[in-house]
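> Working from the sequences, and respecting the hints, build out all of it.
Note that the protein sequences, when read in sequence, are chains A, B, C and D. Here our numbering is used: the first residue of the first sequence is 1, the next is one more, and so on. Here our numbering is used: the first residue of the second sequence is 1, the next is one more, and so on. Here our numbering is used: the first residue of the third sequence is 1, the next is one more, and so on. Here our numbering is used: the first residue of the fourth sequence is 1, the next is one more, and so on.
Worth flagging that the hints you see were computed from the coordinates, not collected in a lab. Bear in mind the structure is a predicted one, so any value in this text is a computation, not a measurement. Be careful, since some hints might not be right.
Identical chains blur together in the list; that is why a pair holds if it fits in one copy or across any two.
Claimed, not checked - Below 20 Å or equal to it, Euclidean Cα-Cα: the simulated SDA-like pairs (lysine to any residue) are:
no., residue 1, residue 2
1, K211, P201
2, K152, E136
3, K164, S187
4, K100, S42
5, K211, D232
6, K211, L231
7, K211, D44
8, K283, E270
9, K283, R243
10, K152, N127
11, K132, R113
Number of protein chains: 4
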Amino acid sequence: MSQHPNRARLLISCQDKPGIVSAVSTFLHQYDANIVQSDQFSTDPEGGMFFMRIEFDLGNSSPDFLRFKKEFHTLADKLDFEWKMELAARKKRMAILVSKEDHCLLELLWRWRSGELQVDIPLIISNHPTNKQVVESYGIPFYHVPVTRDTKEEAEQEAINLLKQHDVDFIVLARYMQILSPTFVESFPYRIINIHHSFLPAFIGANPYAKAFERGVKLIGATAHYVTDDLDEGPIIEQDVLRVNHRYSTQELRVAGRNVERIALARAVEWHTNDQVIVYGNKTVVF
Amino acid sequence: MSQHPNRARLLISCQDKPGIVSAVSTFLHQYDANIVQSDQFSTDPEGGMFFMRIEFDLGNSSPDFLRFKKEFHTLADKLDFEWKMELAARKKRMAILVSKEDHCLLELLWRWRSGELQVDIPLIISNHPTNKQVVESYGIPFYHVPVTRDTKEEAEQEAINLLKQHDVDFIVLARYMQILSPTFVESFPYRIINIHHSFLPAFIGANPYAKAFERGVKLIGATAHYVTDDLDEGPIIEQDVLRVNHRYSTQELRVAGRNVERIALARAVEWHTNDQVIVYGNKTVVF
Amino acid sequence: MSQHPNRARLLISCQDKPGIVSAVSTFLHQYDANIVQSDQFSTDPEGGMFFMRIEFDLGNSSPDFLRFKKEFHTLADKLDFEWKMELAARKKRMAILVSKEDHCLLELLWRWRSGELQVDIPLIISNHPTNKQVVESYGIPFYHVPVTRDTKEEAEQEAINLLKQHDVDFIVLARYMQILSPTFVESFPYRIINIHHSFLPAFIGANPYAKAFERGVKLIGATAHYVTDDLDEGPIIEQDVLRVNHRYSTQELRVAGRNVERIALARAVEWHTNDQVIVYGNKTVVF
Amino acid sequence: MSQHPNRARLLISCQDKPGIVSAVSTFLHQYDANIVQSDQFSTDPEGGMFFMRIEFDLGNSSPDFLRFKKEFHTLADKLDFEWKMELAARKKRMAILVSKEDHCLLELLWRWRSGELQVDIPLIISNHPTNKQVVESYGIPFYHVPVTRDTKEEAEQEAINLLKQHDVDFIVLARYMQILSPTFVESFPYRIINIHHSFLPAFIGANPYAKAFERGVKLIGATAHYVTDDLDEGPIIEQDVLRVNHRYSTQELRVAGRNVERIALARAVEWHTNDQVIVYGNKTVVF
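Structure representation (structure tokens):
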């Protein structure tokens, strides 16, 4: 898990055209950067979209990262890339929004403390005080921002302010149970990850376990996705399922489901953290 | 896999009430039948539904099966059971309806020939001649009953007649791709098993793989269910899923999906064959 | 998850013979106990072993539990049962032994606090002080019992004394990383559950992830088993696996493996807690 | 699934060093070849081994494939590559060796006929006549080469001769149940794929299902691997598992295991067919 101190990651989206890999890899070689891993994907080799992720190590004679990025900018403009380049060592700042249930929260906190999840967590916001103590035992500031029907707008604004003040890179809804307004969503485009407690698009909306019980399904699932204005319709990052049977009550489905929810969410967060996800249209490429 | 020649299976559904297990097991013991396996399930121990499946071997001093059944009838009436008792050695008569795609058909035929699926297959019906040769190579009569918009009703009637003439116990739609009329469905209540090529209730209706591609799901699934008048809404017997990613085209999802379809269908058929499935409401208990 | 206050569980092992189910269910019915769930298994219906697990609710006219048990004793003696009867409400006393790694420990603590795992945890023992703080934040006494090559015997004796003083029902080795002496094992027969970090019997002994890396396997696994005198050879309760590939270093296998270890262990502990496991020979029946 | 008529695949193994991706992608671009997919893997970015797989489409101004290959040869020599370049349209010639059990054989034949498996099958060899009819119904020549203790050497020689006469690219042991001599193995280095009916390295050698039954495992598995001189020790290509429980007899494990065997083998064969597998040491990289 130890890695080169100058390990960097490059994500590229563009119209497919000949010579992209050659141009990029030659650029990297020319500036003494060594490709450690690369993945690419074309929706259609003849005129579709092209996506690429490269991990590379800057070398002894590479320029410093800022200048390196600036040089790449020129190439990227010429080839009409949408792109992003990050040092792996730069930890993203992740906020967590949570309600009363703690299983997704704890999963993220454990992985963070064990070093599996390489982020900083400047704050955790909840509409309930329930998880205050556990959050603070991890040394993370906890903000209780209650939400009622009447104060929803102000509460959201307060949350947005907190998130901006703490300069967060992305937000995880770890079973937050509140529908975010378009204003909130647009403040963090494709930077809010939600866990929905069903195998989308089955059981959109509230009470998916009750609906799953009603329908008599033999597997239950969970879906981690980016939040957009359409409820439960954002780009899917990860899904997983668990076998159940006729013996499960709605409540037992809910309890069993926690294990799929936290694992699927943790995977999605890890991939986002490692710059492994590119959104296109309403889908994701996960490298 | 070899089993006692007088192995029998008993399925019971009734209102839950005290003493059912005792009454049934005492009956069996009294008539020298030895319980080999038993499963039971109550939706709610206080006043819900009770379901039970018992496998037992008739003993040397048991009456013959017909008389045994008649004796049980008296008990069942007293306790207000819905019930079914079958000798395991009595092979069910299974018909297969298939269209052009052969993966589900071949899976069933292979399991049948290898002895995994203990049924007789008196006939296979298709609306296309495509699979005639392979079916006949297994020594099974193949009936080509073409269906067009104008002849749908007569074609269905022809199929029903064939199925009745061949005295079938149940029917498997192994990717038949035709919607059955209420008349057809009512002729074989809870005795028609369909395989739907999605993880229901996601992607109900036509072209589920195209819809799955569109939505960008990370798992695709298949659902084996009993056919009712509501399209894709019948009681689910079995579901399974397969991990996919952004690289799969609709056509590649379709190809990969075949493997989930045939496995999920084969399991459902096997459970039905072994009298392991009880329908209640719009759900199944699978023992 | 709420349950009848007089819910009880009965486990039976004996030589198979006719009439067992009838005798037991009639006994229960006669004392106004209502069977809620029952499972049984015969290794061979003709003269093998018979195993049974029944959940039942004592009724209004049932005798109290102690007398009920005493009455059953008479029947059990007559039919030559090995048996165990427990009130579901009686929480087992579980000790955890842990070393430095905390993932299995935290999984159990979370499930305990969320109410999924219905046990009391009177103490946690570790040969390292690492996890003292987290354990105490859950309000559980933490005992640091260091083990060195020279003090192993005394350390074990100290641990045994602590476990006996706290009257524990069973012990979970949540990555304890110490081989227990026969004396220790015999003090708690089939009441010590270990998690081995491989898919046994592959990679018995130390460093299974290094061995898995070396062998180039495509799945890694974990095995929860009862501890016996033969290292990694005790009866298996649960196993699970995770897909890996050539990109995983030994260290990355180790990190990924944590997720299989904690889930497999948690399942095994839950089954043990709910009296769902019967040991026979070197195997388990899990009802 | 349709693809560019001039789609080609390039596999490279070499010592890792800077500039490889750049050199290869620039070569391809320079000869008007468009990269469709590429994967790479370094065992250690600083001085380990480097592996790469590129799919590309030759363009209108590319030289013909033979000249293209020759040009690449020069680059490959300079950079000290071990490499392989193949047109995707060139179907590999696959032989199948089979004994009596037909499940793996049929799985391959179905996938071949449905177009999932893009190979030619010039012959199938068996030491038993059992599967003659089914093989010939697919229009494939069947050779019965009986093997007895005394004739093993001649029989092997006859098989080798048949395989060479039919100019096969690789051989699949679809439950062949005979141990091949070093002479045989060396005639087709890393071009023989076997399916072992256990999760290796558990249960090496004969009767793995009997051993799995004896050990009381909760999952059974299958392993597809290249054959080397060390029995069951060759590089693993794919593994899969299936959940079982105490109710499975050895025979039922065997029957259930067929489904894992055929799926794991089919995947391994497909990956080999598509030039997705590189062997290094005793492991595989599967791109």
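> Evaluate each hint against the coordinates.
Verification of the hints:
| no. | hint | result |
| --- | --- | --- |
| 1 | K211 - P201 | both (13 Å within a copy, 10 Å between copies) |
| 2 | K152 - E136 | neither (25 Å within a copy, 38 Å between copies) |
| 3 | K164 - S187 | within (9 Å within a copy, 59 Å between copies) |
| 4 | K100 - S42 | neither (42 Å within a copy, 32 Å between copies) |
| 5 | K211 - D232 | both (15 Å within a copy, 16 Å between copies) |
| 6 | K211 - L231 | both (17 Å within a copy, 18 Å between copies) |
| 7 | K211 - D44 | between (38 Å within a copy, 19 Å between copies) |
| 8 | K283 - E270 | within (18 Å within a copy, 28 Å between copies) |
| 9 | K283 - R243 | between (26 Å within a copy, 16 Å between copies) |
| 10 | K152 - N127 | within (10 Å within a copy, 50 Å between copies) |
| 11 | K132 - R113 | both (17 Å within a copy, 16 Å between copies) |
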